[in-house]
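Trainee: Residues per chain, in single letters:
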Amino acid sequence: MTEPLLRVRDLKTYFVTEHGSGTARAVDGVTFDVLPGETLGIVGESGCGKTVTSLSILRLIPEPPGHILPGSFIEFEGRNLLTLDPRELRAIRGNRIAMIFQEPMTSLNPVFTVGDQIAEAAIVHHQVSRRAARSRAIEMLRLVGIPDPDERVDHYPHQMSGGMRQRVMIAMALVCRPQLLIADEPTTALDVTIQAQILELIDRLQAELGMAVLLITHDLGIVAGSADRVVVMYAGQVVEQAPTATLFARPLHPYTEGLLASVPRLDAPPARARGRLRSIPGQVPAATAWPEGCRFHPRCPYAWDRCRAEEPPLLDAGGEPGTHAVRCWLLTDPRRRTPHP
Amino acid sequence: MNVGNWLALGGAAIVALAAVAALRRRITATASGRRFFRHPTAVPGLFVLAFFVTIAIAAPVVAPYPPYFQIDITNPDLPPSTQFLLGTDPYSRDVWSRLVYGARVSLGIGAVAMLVAATIGTAVGAVAGYFRRWVDTALMRLVDVGLAMPRIFVLLMAVALWEHIALWVLVLLIGLTGWFGTSRLVRAEVLSLRERDFVAAARAAGAGSGRVIFRHVLPNAAGPIIVSAALGIGNMMLLEAGLSFLGLGVPPPAPSWGNMIADGWHKMTVAWWASTFPGLAISLVVMAFNALGDALRDALDPRRAGEEGGEGGGAA
Chain A
1 MTEPLLRVRD
11 LKTYFVTEHG
21 SGTARAVDGV
31 TFDVLPGETL
41 GIVGESGCGK
51 TVTSLSILRL
61 IPEPPGHILP
71 GSFIEFEGRN
81 LLTLDPRELR
91 AIRGNRIAMI
101 FQEPMTSLNP
111 VFTVGDQIAE
121 AAIVHHQVSR
131 RAARSRAIEM
141 LRLVGIPDPD
151 ERVDHYPHQM
161 SGGMRQRVMI
171 AMALVCRPQL
181 LIADEPTTAL
191 DVTIQAQILE
201 LIDRLQAELG
211 MAVLLITHDL
221 GIVAGSADRV
231 VVMYAGQVVE
241 QAPTATLFAR
251 PLHPYTEGLL
261 ASVPRLDAPP
271 ARARGRLRSI
281 PGQVPAATAW
291 PEGCRFHPRC
301 PYAWDRCRAE
311 EPPLLDAGGE
321 PGTHAVRCWL
331 LTDPRRRTPH
341 P
Chain B
1001 MNVGNWLALG
1011 GAAIVALAAV
1021 AALRRRITAT
1031 ASGRRFFRHP
1041 TAVPGLFVLA
1051 FFVTIAIAAP
1061 VVAPYPPYFQ
1071 IDITNPDLPP
1081 STQFLLGTDP
1091 YSRDVWSRLV
1101 YGARVSLGIG
1111 AVAMLVAATI
1121 GTAVGAVAGY
1131 FRRWVDTALM
1141 RLVDVGLAMP
1151 RIFVLLMAVA
1161 LWEHIALWVL
1171 VLLIGLTGWF
1181 GTSRLVRAEV
1191 LSLRERDFVA
1201 AARAAGAGSG
1211 RVIFRHVLPN
1221 AAGPIIVSAA
1231 LGIGNMMLLE
1241 AGLSFLGLGV
1251 PPPAPSWGNM
1261 IADGWHKMTV
1271 AWWASTFPGL
1281 AISLVVMAFN
1291 ALGDALRDAL
1301 DPRRAGEEGG
1311 EGGGAA
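First to last, the sequence lines map onto chains A and B.
Note that the numbering used here numbers the first sequence so that position 39 is 39, with each residue one more than the last.
Note that the numbering used here numbers the second sequence so that position 266 is 1266, with each residue one more than the last.
This is chain A alone, in the form it adopts within the complex:
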């Protein structure tokens, strides 16, 4: 097996809320690997800790109120990111690990040209001259498929559409040829047609540059199209982890099941297609008060006494060893997989 590029072990990122109403355990013991060159999808509803996980990797959590607990471990290219000093960390940000954000409309600085902003990482990390940085910016704009890059390089963000701005964000992220690209909901703010273009672009650049992508999204359709493996998060924890094909064919965690069932499908069996679109009842609980036992039990159709009392560990679900893991007691008692009345 190849050595992972990024190794996240037992990551815990907590936020101390104001007025002392408690500690929000936004990310609570997350473990996963990203292999070189692969795309790992992280899926989950709003509030389940996806974004905090990605920000924790780059140590961009605002401190205070947030802090990453000792005992957490994030290893990238053989170094623990959590023990690096600020200088070493800056040398990695934007250079070895880059990030693109959800909102292309607000993630660009309104007072600088897009060329300046693309060139910034190159100037910071590779000390290139302004002239070289400019031609690099033009080259990146061409790479991400912006027409007339020689002209566009001098444009300001407000002169561009949302889709073009997201392309600029990608150009900014990739200017230093990072090994890992973290894409946090890269298409959520875009039209569906533009979404497909942006995802194709990320796929193509990934193949060209040989980088790994950590794709964070709430959209299972995006995961199905782009990811090699999927991590499903719920309430600050990983609840299921599997290769994409396995996850879609044989979802084992009730939460994953629910997520898949709530995707509208054209190719579903007639019985279901005619029925109502299913949804998971309830909402993700507040991060200051995760439920006792299994954190999903209040919303789970199969929950029984054990789920309310004991928190399940990540259990191996068979198949190829170490590929499919599920945090659910059903694995120890599969006969209960029929909803109680």
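A couple of the hints might just be wrong.
What the hints assert, rightly or not - On the chain A side, residues computed to face chain B include the following (Cβ under 10 angstroms):
(1) 84
(2) 87
(3) 182
(4) 291
Hints were generated in silico from the structure; no laboratory data involved.
In this text, a Cβ means the ideal position worked out from N, Cα and C, and glycines have one as well.
Assemble chain B onto chain A, guided by the hints.
Mentor: Only chain B this time, still in chain A's reference frame:
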């Protein structure tokens, strides 16, 4: 006043008008420029400032006499005439000439003091707002103390302690006691800007704190800083005038508008012109700066940015 002086004065007025017109042509290309010129006091304010700056620069041509020159000490307090445009003062010096040279001193002190104040205020505000926590607390308590101190009293103390104070020290003192308001304003801007997405994006790209502050945060806070500086210059000039009037500012015989008022005020009843005209000059320039500041506030207010959306967003 000879013909050359009159011509120079007319020339100065034309230069000032031309400067305003040129600026207008240039910046009405942008939406905020149009908002600036839509303000009713923008053009008169700009003209007054451009005029005083021009005559200050061209002082040797515009002024018929050197500023210290006593024309006829046995015959002072001559009323305004074609020879002495604004009359002569109790020391028989041409008030117009002194007013022109005094513009150099008064405007210069205002501008430099404001530059000092704006620089310190911006730096302190940016550091406090960006790093927050104990840095913020410490700096802002210092600012509270600064704002609570009666400024004129502090300056009087300092001036009184040194006796013969050099002009640059005075300027520095005025600047050093005038940055507190600016720092609060900048801190508030930075506090909100640092939470913006593009700041997070810059940090994710590996930019350090200095780079984030100077390239990403402060340029976006430029509007309020410029407005407060424009409004502040007037205050700085009033402060200088006040100190000079009390005899503790610009040392005579160097002319500043403040000490010109002081020179003439005890003879107000017989020679009103000696202190009235410098007083008018101060009022006019301070009003002009306030008008400019108001217009700039309208032009640079981010909440008005929506008004430029129509022509700004030429999206593809």
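Trainee: Does each hint fit the structure? Answer for all of them.
Mentor: Cross-check of the supplied hints:
{"no.": "1", "hint": "84", "result": "12 angstroms, violated"}
{"no.": "2", "hint": "87", "result": "8 angstroms, holds"}
{"no.": "3", "hint": "182", "result": "8 angstroms, holds"}
{"no.": "4", "hint": "291", "result": "31 angstroms, violated"}
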